[in-house]
Structures are given as C-alpha cells and as structure tokens.
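Those protein sequence lines, which keep their order, are chains A and B.
With our numbering applied, the first sequence covers 6 to 552.
With our numbering applied, the second sequence covers 3 to 396.
Don't read these hints as lab results, they were simulated from the structure.
Just so you know, these numbers come straight off a predicted model, no measurement behind them.
C-beta atoms are modelled at their ideal positions from N, C-alpha and C, and glycine is treated no differently.
Fair warning: there could be bad hints in the mix.
A few chain A residues facing chain B, derived, Cβ under 7 Å [to be verified]:
hint: 1; residue: Ile36
hint: 2; residue: Arg184
hint: 3; residue: Asn187
hint: 4; residue: Gly197
hint: 5; residue: Pro226
hint: 6; residue: Ala229
hint: 7; residue: Arg246
hint: 8; residue: Phe281
hint: 9; residue: Val315
hint: 10; residue: Arg316
hint: 11; residue: Gly323
hint: 12; residue: Asp328
hint: 13; residue: Val364
hint: 14; residue: Met365
hint: 15; residue: Ala459
One side only, chain B facing chain A, incomplete, derived with CB under 10 Å [claimed, not checked]:
hint: 16; residue: Thr94
hint: 17; residue: Glu255
hint: 18; residue: His284
hint: 19; residue: Arg295
hint: 20; residue: His356
For reference, the chains in residue letters:
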Amino acid sequence: MTNSIQDIAEDSRCIFVIGSNTTEQHPVIGIKIRRAQRHRGAPLIVADPRRIDLAEHADLFLRHRPGTDTALLNGLMNVIIREGWADQDFIDSRTEGFADLQEVVDRYPPEVASDITGVSAADIEAAARLLAENRPGALIYAMGITQHTSGVSNVMSCANLQMLLGNMGVPGGGVNPLRGQNNVQGACDMGGLPDVYSGYQKVADAAVREKFTAAWGAPMPDRAGLTVTEMLSAAEAGRVRCLYVIGENPMVSDPDLNHVRRSLEETEFLVVQDLFFTETCRFADVVFPAAAAAEKDGTFTNTERRIQRVRRAVEPPGEARSDAWIVTQLAERMIAMGAAAPDADAPYSSWDHASAAEVMGEVNALTPSYAGVTYPRLEAGAELQWPVPDAEHPGTPILHVGRFSRGLGRFAAADHMPPDELPDDEYPLMLTTGRVIYHWHGGGATRRARGLKAVYPEALVEIHPKDAAAAAIAADGLMRVTSRRGEIVAKALVTDRVVPGLVFATFHFPESAANFLTNPALDPQAKIPEFKVCAVRVEPVPEGESA
Amino acid sequence: MTTNSGVETMNVTLTVNGRRVVAPEGSTILEAARSAGIRIPTLCHHPDLSNVGSCRICVVSVDGTSGLQTACTAPVQAGMQIDTESEAARATRRFVLEMLLTDHPNECMICEVNGDCELQELVYEYEVPWPEPGGARHAFAVDPDPNPFIVIDRNKCILCTRCVRACAEIQNRDVWGIAHRGFESRLVAGADEFLLDARCESCGQCVAYCPVGALYDKMSLGRARVNKVTRVPTTCSYCGVGCSLDLNVRDGEVVRVTGIPEAPVNGMALCVKGRYGYDYVHHPDRLTAPLVRAALLSAEHLDARLANGEWQVTAVPDDRSPDEEITPDTFIATDWATALDVVAGRFADEKEAHGADAFAVFASAKCTNEENFLFGKFARQILGTNSIDHCARL
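All chains should be modelled from the sequences, with the hints used to inform the complete structure.
Encoded structure:
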C-alpha cells in the first residue's frame, strides 16, 4: 500500500475498491471501508464480477466481466480526460508519459469500454464523476487485479488512474494493494524472491552482490532464480532436483494441481516443513515439524508496511521447532560437512544468532529500508512503517509524498488483453476463484479450527440459478466442474452473487480445490498465474455417486 | 487547537471537583474530566462508540442546573462548576445499580467474567447490597443460539446497547437490536433470529464491548477467567491487515483471544478468524517429530531404534496402521539429528554432483521476517542459488 489503513479510513473522500472482496479477505479493513461510507459519507465504488458483500454498501457497483479490469480503468480515464477532470498540475509537475496514456485511453470511450466490460456506459460516466468530484480518493485492490495474464497491465492502470486524479502522496489517496497472507509483505521484503535480496536490492546489480558477498562471506549467484511456478516445471523436467518447501502447500495453492502433482512426483528429493501433514507432504522424502506463530518470536510486516512483534505464547508440541531453528541447523551442518564454506571473517557469515532480535540486527545492517527497525524501538511502542532508513527515522506512513521513488511517476499505458482461456462450446462457463471469510488460503489452519469448520464445513461452488437450471443442478446438490486440466466435485450454492455464465470456487478444501481447474498461464512479467479466469463446464452428480 | 482537518476549535474552561479544566468546545463533560485525570464511572458509555446516555451511571451535579446531567452526553460550557461525587450523583448511581441487580442473576461465583465485569466493579465500589427478592425477574434460556462462537445469556444483559452500537458502528453490520419496551425489552439478533441467520459475521465485536457476562466467547467457556490467564500481545497470523491481539494462555494452551484497545491497526476490532480461529495451534494433527522415509535410513539403525522405541512408524498418510509392513516409502518418526543429517547430507551430495541449480526453496508468507531472511541467506550463501520464492503470487 502506498498509504495507511488509518488515513484511508479517515481522510479519503472516496474509496474505489476493485478486485478485492475486502470484507471477507481483509475483514478489519472491510469494516473500516463500510464505516467510512456510512458514518463519514465517503462515496464507495465497488468493481467486481461478483456481487460481493461490499457491493451492498456501494454507492455505485460496477459488475465487470472477469479479465476486463484494464478496459474498465481505461474507460474511466477516458471520461476523466474528456471532461477536463484530470489533475493537470500534478501531471505536469509529478509525472511523465501522459501523451502515451492519452493515446491509449482515447481508444476506450465509455461505449467501447462498456462493450468489453459489460458495465453500462452511464455507470462508467457516473463512476468517473464520483472519482473526480471526491478527491483525494483511495484505490484499493487485491488479487482480482493481479491474478491475470494481464496482471501487470491492470496494476499499471490502477496507478495511471490515481496519478491522473492527483491522488498520490496525500492522506486518503494512493494505490493500495491489500497483501494476502499475514507476512507476505515481509517475506518479499526479506528477499524471499528470486531476483532480489532483502529490501528489494537487486540480484542483477553487481554492487549489491558484492555487498552480500562481503557480508556473508560467500560468492553470490548472479542469475535471477526461478519463480514458484517455474520451480515446479523445472522439477518435473529434472533440472531442479531438490525442493525445500517451507510453510507452503503447493498441492492446494498452486494452479493446475494435476501438473503440480506430476512435478512433485518427479522431484528427486523433496523436503517439506509445516505444522501439519499437508497434501504436499505426501510427496516428501523428509518432513520437518514446524512451530506455529504462537510458538515463536519475531516480526510480521503488514499490508501497509508496518513491522509488528510476534511473541511466543506457548511451547510447540512434541519435537516441533521454529523454522529459524531448523534452517539454522541445516546451514550449520552443511558448513560442517564442507558443502558450503563461508569466510569466517565476513561480518555476517555465521549462523549463531541467539534470538530473532539478533537476526533483525543483521537485517538492519544489510537492508536500507529496514535499517531503523530495531527490537528496542518496537518494544518501546514505536509504530514503524518502512522505509525506516535509520534508528531515528519515524517511518513512512505514506509513500511518494512530493516525489515518486523513481523521480517522476510514469504513466505506463496498457491496452485491454483478453484472458488466456475463454469459454467455448466445450467449456461454456467461466470460472473465477477466491476465498470465503471463514477459511484461509489452503485451509490447513482453518479446517482445523473447530468453530470455523462448523460454520463452513465443505466446499461450495457458486452458480447462477439460470445455469444451475440449465444443467439440472439442484440447490445444495453435488455438481462436477471440469476444465481442460482437471475436475472437482462440490456442493452447489445457487445464487445471483454470480452472473449467468460465471461460476466461483475456492481452494480451501483440498479434495475439491479450484486449483485442479485453474489455468497456469502466467503474466509474462510478474509470472503470476491467471487464477481469476478459466473455462469450465458443469454437470450434476447423481446422488450416491461420490467424487 | 487545530484538528486533523485544519479546522480551528475553541477551548472552554470549566471547574471539575474544584479543579480548573480546559477542554475543546463540543467535548463532553466526561471527556473533559477524563482528560484531566478525573474519573467518572460509566456503563453504557464506551470511548469507541456513540453516546446514548441511557444507564445514568455517569450522572454529575452541575451548579445552577436542577437535576443531574449525564456526563457522557452533556457538552462542556464555559464556567461550568461540576461535582462528580456529589451526594445526589452517588445516590443516583447506587439506585441505578440496585435496580440493575433486582433483575440480574446472583451468580458471579460461576460467571465467566468474574473479575472482569464492569457491573461487578461498580456494585463493589458503591457497596450495593444484593436486593431483597421480589418483583419480576427474567428467566431466559442460557445459550439459546447454536452458533459456535458467541454465548448469549440475556439474564445478565443490562440493556446498555454497547453490543448494538459496536455492531452498527464498528462492524457496520446491524445484527443486534433491542426489541419490545419496558420490562419486556430484550436483546435480539435480526428479526429475533439466530445470529448466523441474521447475517452475523461472527467477529465477536459485541462480546468485546459487552461490559458484563451477557455475551461471551463460547470456545472459552469455563477456561479463560481473567485471573487464570496470561495475556501475550502479538500479531494475528491470518491475513495481511496485521491486527494486534492478546493470546490468553492458561496452562500452556491458548484458551481465548482478546483485542487490545490501543492496537494501532485494529483497535478492539478483530475478525472471525483472528478472534476464533486460534485452536488449530493445539490440533491433534500437529506434526510432533521429523518424518523420514525408511529408504533413507540405514536398515540397521531402523530396526534397532524401532525396537527400542526411539523411533516410531507413523500413521501418515491415510491413517496407516503401525502393524503394516514397513516399505521403503514408510515415514518413520525419527530424532532431529538423524533427520537433519539425512537432509544436509543429501543437499551436500546434490550440490557437489549437480551444482546450485539443482536446488529451489519455497520460503513462506506465514513465517516471520527473521525466518524469511534466514531462508534467503540459506538459499544464497549455503546452497548458492537465487531460486527462492513464495506464494506472493498465489
């Protein structure tokens, strides 16, 4: 997020939520959005293919077709420019590339955008007016924007809209992606990515590599590594022989699970580290029992870049150990075996950290944006949002104030690009995927939380009454959903939350995970799979026949 | 004084219990007194919620006005002379408490919120004797709602409407309301339905704001009285919002989750997963020993250590019976040294034979910053690869 939860909740004059089922996936931000709309009168615009809960609270609900986000955003920008509502001062002083944007956006007058998105031209006009008349406004998105083969274009278009409106670098504005998992922000910040070290220091930068070579006392690899999806394909092809999977369950959370299964079967040596014996563990050679968050010390970084303490409250069961302990043991053993030989004189070559606070000391030394994030400050109650470049710096609640990180904000105009796989005669319906409020990601934790399981015990697939009737699928009856890659059987939830032609499924329940169906086609730049659109067909499952 | 929105507000000066107090115009007597460190007792008031002035516990005497004023709703005026502890105010509070007790079960000894109850505290402070029996009393069914999270005991409800306001103003869901009038007044969900049918999101905000034991966390019944738990402040392990919460620990077990009023992101608010999704931590499915395929262990060690009980045949996957024959694929629960040696040794062999490109690491968005930093260091310094990624895109 460029901005903070609090300034969006309290200072935005308008909130535009696109591709985020906020009240179910980020509930406490969701309630703040509802509150801003209701008690502060900030108009709420919701754009989503499904009539999500937040749509009920919206002043304007734009129900666009899955995979048409860029076209919708371009349509809004077309109206804003046409009507002279663009913030010309901001464009002149803070941005570059406006002419390119204008050229692309010119191709999306409301009627054209309406044909692509299914949103009426009048609603596109009305939304543009609400955005223009209520500034600053905050744009909030989540994986409904990113999980497309056009994910990068979608994100760029969100940024374009906010720059066009001059909504950047001010309280109540910003481009605000809501990060999914508790510490997905932190895992990225700490360099759990194939092309960057901690703090997004690039692997491709020779000076950065030299810095880490000197700090860790070992030569640093100079090629960017593989992404998750590429790792699995490389494992299937035998190029990657050893997979070390920590706290992840690709057999539920990755696209095209039948392909994931083949990849894991082909993996020469698979080590999995988790709380439970997950679906991925079935393919493992060794499984390490890990500690839960309640059983260890450390920090998480939330979606607004805020670093907060995690504290050990209980002991791990049996021989379960923290992930830090396990990886340290492996590192020390490999050094002892001579399989790695870091220069002992390098300042951070060793693995002898006595606590999470000591690891953070190493992070501080090697990561400019976390340099001032120290345990003493956190314990003293400091509220720190990175970048925190030194121990006196108060943190950065809002990014890009007065100046973008790169200098001028660049309008990166993008055209609409249809999803990789669209319905056809054989697979006539579109599937989109997501989550429900009572479950979490692969469901490993929430299916083992008795209250959550009691309220939402099994997978449900949303289907419109017309499609259900056409396929003779009964409400609460079992249905089979089939794509080119696999099939699942689940109970039908017949509802007009989805439009005719669209079905919705989750991946919380391994046996009926939507990811048996999803398309692994990737955005070419971000390498994110197109979870949000693929083509399927549905049929009833006769009573008595099981999956 | 300048507010966030840049609007100038004027201050007014008043006197509270003989002390000079300066407060912004438009603030309430209660806010002015509290900012000066002067306590006025309350029940239906909560600083996060709108004021209704219905319980009349916060009444104070104001010179020059007849009758008492409710401090939570009355705005300050310049020159006001306020006595928060006047005999009239104290007598009124005592009367209100006595009235509440006439229709309140006398069961603090077995109440979940004993020691953590605002009514109990005030009754104790004002030394209100238990009223003589007589008059009508309610006899509502306890825990009439089948939802798995929230216990309702309307017998203990004091109709303060904090739950109603928390649901309407914090959660913005409007599940709770008060039905009927007078003695028949009672708390109802929706159109007098079960909570989940009334579109309750099970966030538990109503429980968090209940000053008494009328609403309580069902999973914590009989286990989490305030004097029996240690509260450990931490950050929620579900989504990326980063809510602060207290894990309430008793005998090494998390028995309840409660909010932290000063939490920077969420205040008292939590969602259903954050408040009620904690028990996976103690689920019997938890892995409690390293598991290694039998083929990776020396046959000699395997037989000996299975025989002496140091290692065990596991029940995973698929509830495997320990009596089944051991195959090379059977998972054996071993000690740490053995399992770590197997993995480190194999990694060393593979690195030597196939180079660093043979490795790939899935880091974890569930793990801490410090752990993810170490995973990156392990991949780059020890294995020699940049092939480390996690589910950021999934």
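Verification of the hints:
Evaluation of the Ile36/A hint against chain B yields a held restraint, the C-beta minimum of about 5 Å falling below 7 Å. With 7 Å as the threshold, the beta carbon of Arg184/A comes within range of chain B, its nearest partner Cβ sitting at about 4 Å, so the hint holds. For the restraint placing Asn187/A at the interface with chain B, the shortest Cβ-Cβ distance is roughly 5 Å, inside the 7 Å limit, so the hint holds. Interface hint status for Gly197/A: upheld, as the beta-carbon distance to the closest one in chain B is roughly 3 Å, under 7 Å.
Hint status for Pro226/A: holds, given a least beta-carbon distance of 5 Å to chain B, under 7 Å. Taking 7 Å as the C-beta contact cut-off toward chain B, the hint placing Ala229/A at the interface holds, the least distance being around 6 Å. Because the beta carbon of Arg246/A sits about 4 Å from the nearest beta carbon in chain B, less than 7 Å, this interface hint is met. Taking 7 Å as the C-beta cut-off, the interface hint given for Phe281/A holds, the closest approach to chain B being about 5 Å.
Against a cut-off of 7 Å between C-beta atoms, the interface hint on Val315/A holds, since the closest Cβ of chain B lies about 5 Å away. Checking Arg316/A against chain B: minimum C-beta separation of about 5 Å stays under 7 Å; hint holds. Taken as an interface hint, Gly323/A checks out: its beta carbon lies about 3 Å from the nearest beta carbon of chain B, inside 7 Å. With its C-beta approaching chain B no nearer than about 5 Å, Asp328/A sits inside the 7 Å limit, and its interface hint holds.
Hint on Val364/A holds. Least Cβ distance to chain B is approximately 4 Å, under the 7 Å limit. With its C-beta approaching chain B no nearer than about 6 Å, Met365/A sits inside the 7 Å limit, and its interface hint holds. Taking 7 Å as the C-beta cut-off, the interface hint given for Ala459/A holds, the closest approach to chain B being about 4 Å. Because the beta carbon of Thr94/B sits about 32 Å from the nearest beta carbon in chain A, more than 10 Å, this interface hint is broken.
Taken as an interface hint, Glu255/B checks out: its beta carbon lies about 7 Å from the nearest beta carbon of chain A, inside 10 Å. Satisfaction of the interface hint for His284/B is found here, the shortest Cβ-Cβ separation to chain A being roughly 8 Å, below the 10 Å cut-off. Annotation: interface hint on Arg295/B holds; nearest CB of chain A at approximately 5 Å, less than 10 Å. With a cut of 10 Å, the hint placing His356/B at the interface with chain A holds, because the nearest CB-to-CB distance is about 6 Å.
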